[in-house]
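Line order of the protein sequences matches chains H and L.
Take 1 as the starting number for the first sequence in the working numbering and just add one per residue.
Take 287 as the starting number for the second sequence in the working numbering and just add one per residue.
Hints are not guaranteed to be accurate.
Where chain L lies over chain H, by a calculated footprint (3+ residues, C-beta under 8 Å) [what the hints assert, rightly or not]: (1) 45–55; (2) 129–138; (3) 170–180.
Residues from chain L shown here face chain H by an in silico Cβ test under 10 Å; the list is partial [claimed, not checked]: (4) Gln-388; (5) Asp-392; (6) Val-394; (7) Gly-413; (8) Leu-416; (9) Arg-417; (10) Gly-418; (11) Arg-444; (12) Arg-445; (13) Lys-457; (14) Pro-458; (15) Ala-460; (16) Ala-482.
Think of the hints as simulated: they come from the structure by calculation, not from any bench.
Cβ atoms here follow ideal geometry from the backbone N, Cα and C, with glycine treated the same way.
As a plain string of letters, each chain reads:
2 protein chains.
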Amino acid sequence: MTVLDGRSLARQIRARVATEAEALKRAAGVTPCLAAVLVGDDPASALYVRNKERECGRAGLTSRVLRLSRETTWDALRAELDRLGEDDAVHGILVQQPLPPQIPVDAVVTHTDPRKDVDGLHPLSGGLLLRGAPGFVPCTPLGVMALLRHYEIPLRGRRAVVVGRSALVGKPLALLLLAADATVTLCHSRTPDLGAVTREADIVCVAAGRAGLLTPDMVRPGAVVVDVGINRVDDHLVGDVAPGVAEVAGALSPVPGGIGPLTIAMLLANTLQAARRLTQGGDGPV
Amino acid sequence: MTVLDGRSLARQIRARVATEAEALKRAAGVTPCLAAVLVGDDPASALYVRNKERECGRAGLTSRVLRLSRETTWDALRAELDRLGEDDAVHGILVQQPLPPQIPVDAVVTHTDPRKDVDGLHPLSGGLLLRGAPGFVPCTPLGVMALLRHYEIPLRGRRAVVVGRSALVGKPLALLLLAADATVTLCHSRTPDLGAVTREADIVCVAAGRAGLLTPDMVRPGAVVVDVGINRVDDHLVGDVAPGVAEVAGALSPVPGGIGPLTIAMLLANTLQAARRLTQGGDGPV
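Extracted from the complex, chain H is given alone in its bound form (with noise of 0.2 Å):
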């Protein structure tokens, strides 16, 4: 059974993204900066923004973090998101959720300048993904990508199995596997017979949140298993794939060390993005 590592992934993500975000400062002496707003005090985004500042100063990009308080209001904070969106500065902008009940999710998302959306949450970086186009696209299903194409995993004319329908994970992951030529389905919490159709699969991306949804019986034999569940179980970290699953798949990406770490490199990845798409207008590697 092959580990698909994701921490070694990352590393090397990290290490281009530094290495192409070098060359952008030379060729147009722009550094790639992320701004993440961070409204209120809760620890546990407290500790994910500073986790983001981290990486960033790891790949060469500097970041900036706005505090405001937890009585912010939502005129205040789209106030701040309008001077984010037209400062030549900021490439990237990164609204850490949750936030507090009198900010409208849906408005901040929306009011994201779609050019720094390095989320890709805005409803233009979903309809430009759903067409194809280049555009952002949401962290987490890019760093499923990523580690699939790392370990050169066939897709094309395979049958790839998504579990979870999120606009975040499981709706993108669906269409990125689906322009890689694959054949897709998307279950979810009223699909009767989950083990039927996931036995189907070439592959199994399982985003639902419930750990240990996916259980060994429910893999074919030699199957590539991506877990992308992060579930505090007992005070530690657990997926949503089963333990025994391991002795039945072909390749299994683990919690922790799977995808988590190429979500923050795949930030880096955006973030790189959309500076050259700003500075430069187009895209290039990484």
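Got chain H sorted already, so can you dock chain L onto it with the hints?
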């Protein structure tokens, strides 16, 4: 075998649109208006636009056709799109395709006012669909859903297979079926054994644009088959479904008389929605 009669349903939808348009006129003094832009003198396009004008008239909507010469520049067309976007008397904007080679189709789509995007082609509309938020959905997949709903075909927990992955039909249809709680599989030209996938389906929707693609052996007895194909063979219209399928399927939408008439009916419904959103800020029945 039940014939899924799109022509009869289209008439019912048109009548409902007419009633609701009349109500909007009484309540807000507004008659929904569709503006069609026709560039060049392609006879098929001219015919499509005339059909749309006629259907608008039958439903009590007004329509306007902007006829531009084949030599129209993108700058000139863009200026017209801006004018239509700003014109409060216009609620829906439709640019008839195909367009002459000097016109960038993607730019036309992106430049159409998304509040008036009754064809559901703007990336913003696609992104809202992906998020499950209210927005404009392309008329053909809307027509498929209207037909399934009208005949009370159960979707929740059922397996639906969509053949064809276009941004206009296959992908939005898959998202709509998913939102209706079906387990959805998307197949396409790279699916090696199409029959093996379609035989799993309770509902098969074929939108591949290949006459006779779905043969009787590819359909589970009793399955619901929706034929979205429109192909001209020996001067008459046929769908993507081979004739013998009628003997196997439990229900089948014919070509002609199935999805075709519904596509125009949903354009009327979208124009009514646009007028309501622009004048009253909300949605309503139909």
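Taking the hints in turn, this is what the structure says about them:
no.	hint	result
1	45–55	violated (count 0)
2	129–138	holds (count 6)
3	170–180	holds (count 5)
4	Gln-388	20 Å, violated
5	Asp-392	7 Å, holds
6	Val-394	13 Å, violated
7	Gly-413	3 Å, holds
8	Leu-416	4 Å, holds
9	Arg-417	5 Å, holds
10	Gly-418	7 Å, holds
11	Arg-444	9 Å, holds
12	Arg-445	8 Å, holds
13	Lys-457	6 Å, holds
14	Pro-458	7 Å, holds
15	Ala-460	8 Å, holds
16	Ala-482	9 Å, holds
Hint compliance for this structure: hints 1, 4, 6 are broken, all remaining hints hold.
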